[in-house]
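Trainee: What follows is the residue order along each chain.
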Amino acid sequence: MIKESYNVSEDSELVKAALDGNKEAFGAIVTRYQKMVARTVKGMLGDSVYSEDIGQEVFIKLYYSLSEFRGEAKLSTYIQRIAVNLTLNEMKRRKRFFSMFSQKGNNELYEYEVPDHDNEERREASEIVAKALQTMDPKFRIIVTMRMLQGYSTKETAEILNLPLGTVLSRLSRAQEQLKKILKKL
Amino acid sequence: MNSSEIKNLLISSLNSDADLVETSSLLEEEGISYDFSKNFSEKVLDKIFIAGLAISHEMDFLKTLNFVFYRIALTGIAAIVLLLISIYLKEGSLSFNSFLGIHDNYDESIVSLLTGN
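Just so you know, the sequences run in chain order A and B.
Take the first sequence: its position 168, counting from 1, is numbered 167 in numbering that gives the first Met the number 0, and each next residue is one higher.
Take the second sequence: its position 96, counting from 1, is numbered 95 in numbering that gives the first Met the number 0, and each next residue is one higher.
Since the hints were derived computationally from the structure, they do not count as laboratory data.
Possibly wrong hints are sitting among the right ones.
[Said to hold, decoys possible] Dumping the calculated DSS-like pairs for lysine-lysine here, alpha-carbon to alpha-carbon at most 25 Å:
#, chain 1, residue 1, chain 2, residue 2
1, B, 62, B, 46
2, A, 184, A, 154
3, A, 130, A, 60
4, A, 22, A, 73
5, B, 89, A, 60
6, A, 15, B, 46
7, B, 37, A, 34
8, A, 60, B, 62
9, A, 130, A, 91
10, A, 22, A, 91
11, A, 22, B, 37
12, A, 183, A, 154
13, B, 62, A, 73
14, B, 46, A, 60
15, B, 46, A, 22
16, A, 154, A, 179
17, A, 60, A, 91
18, A, 34, B, 46
19, B, 42, A, 34
20, A, 138, A, 91
21, A, 73, A, 130
22, A, 22, A, 94
23, B, 42, A, 15
24, A, 60, A, 94
25, A, 34, A, 184
26, A, 138, A, 179
27, A, 60, A, 184
28, A, 15, A, 94
29, A, 22, B, 89
[What the hints assert, rightly or not] Rough simulated footprint, nothing fancy, chain A against chain B, three-plus residues with beta-carbon under 8 Å:
#, stretch
30, 34-40
31, 87-101
Built from N, CA and C at the ideal position, the CB exists for glycine as well.
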């Protein structure tokens with residue numbers, strides 16, 4: 000269980016306590032940001048057990064690199080960068096793996112796992128989003144995930160992805176074109 | 000929201016002037032939300048603090064290995080330097096022949112060495 004007082008602590012206090020070896024403080028960081036990481040990882044990789052593993056890896060990597068966090072950027076941005084990098088690495092690994100065993104594009108090999116819903120309309124909505132995201136080109140998918148699921152502005156997206164603002168804007172417009180085409184087929 | 004409304008919402012979320020906070024909350028209302036399993040944070044903490052011990056042992060071993068490697072490398076370098084000094088003192092130069100231990104031999108001296116005459 001996470002100590003109640005840590006739930007209201009500032010990020011900087013939690014980081015300091017976690018660096019002193021406080022397990023509960025780090026637990027509070029995980030609880031605070033797990034949903035944000037889930038949106039990035041599951042949005043890009045699909046909702047599967049592998050995504051959960053990547054999510055765990057994000058926080059393990061954060062723990063071991065916490066001493067390098069200087070507080071220049073927000074903790075959420077720092078975590079988001081780790082999540083994006085690990086997810087992109089996993090996508091590259093999958094692409095290599097699939098290209099060894101199949102002549103098909105790797106998009107055709109993704110599993111469209113969607114969360115269980117009792118409501119048919121909600122299930123359909125989840126399926127549309129999952130299919131659309133998984134079919135998109137990875138470089139557009141990341142932009143769409145940041146914007147649509149995380150609600151980041153273009154400037155914030157550029158900062159997290161370490162890309163020039165112009166590149167993000169141009170990818171955003173191309174992503175929109177691609178999304179229109181994909182959604183037409185669904 | 001029906002499927003075409005969802006599709007429109009997705010497309011409009013990529014407009015540069017879109018209200019992103021509203022879009023993501025609308026999507027969440029429609030059940031498009033992502034989270035990890037219930038005991039996610041416990042799993043992460045267990046991995047760090049239980050498996051972390053194994054990692055720290057591994058790190059200690061690697062540090063020791065690194066230290067031993069440097070000690071061996073430094074000893075090797077010291078031995079090479081001593082060898083060079085001794086060759087220089089003995090032969091008076093550090094030529095290739097001195098390294099190989101070949102002196103200025105003449106054919107006659109080789110013959111006499113081989114035949115013993």
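Trainee: Hint by hint, note whether the structure agrees.
Mentor: Taking the hints in turn, this is what the structure says about them:
no., hint, verdict
1, 62(B) x 46(B), "22 Å, holds"
2, 184(A) x 154(A), "31 Å, violated"
3, 130(A) x 60(A), "29 Å, violated"
4, 22(A) x 73(A), "21 Å, holds"
5, 89(B) x 60(A), "58 Å, violated"
6, 15(A) x 46(B), "21 Å, holds"
7, 37(B) x 34(A), "11 Å, holds"
8, 60(A) x 62(B), "20 Å, holds"
9, 130(A) x 91(A), "19 Å, holds"
10, 22(A) x 91(A), "33 Å, violated"
11, 22(A) x 37(B), "18 Å, holds"
12, 183(A) x 154(A), "29 Å, violated"
13, 62(B) x 73(A), "33 Å, violated"
14, 46(B) x 60(A), "11 Å, holds"
15, 46(B) x 22(A), "12 Å, holds"
16, 154(A) x 179(A), "23 Å, holds"
17, 60(A) x 91(A), "19 Å, holds"
18, 34(A) x 46(B), "19 Å, holds"
19, 42(B) x 34(A), "15 Å, holds"
20, 138(A) x 91(A), "12 Å, holds"
21, 73(A) x 130(A), "32 Å, violated"
22, 22(A) x 94(A), "36 Å, violated"
23, 42(B) x 15(A), "22 Å, holds"
24, 60(A) x 94(A), "23 Å, holds"
25, 34(A) x 184(A), "30 Å, violated"
26, 138(A) x 179(A), "16 Å, holds"
27, 60(A) x 184(A), "39 Å, violated"
28, 15(A) x 94(A), "39 Å, violated"
29, 22(A) x 89(B), "65 Å, violated"
30, 34-40, "holds (count 5)"
31, 87-101, "violated (count 0)"
The structure fails hints 2, 3, 5, 10, 12, 13, 21, 22, 25, 27, 28, 29, 31 (numbered hints given earlier, in ascending order).
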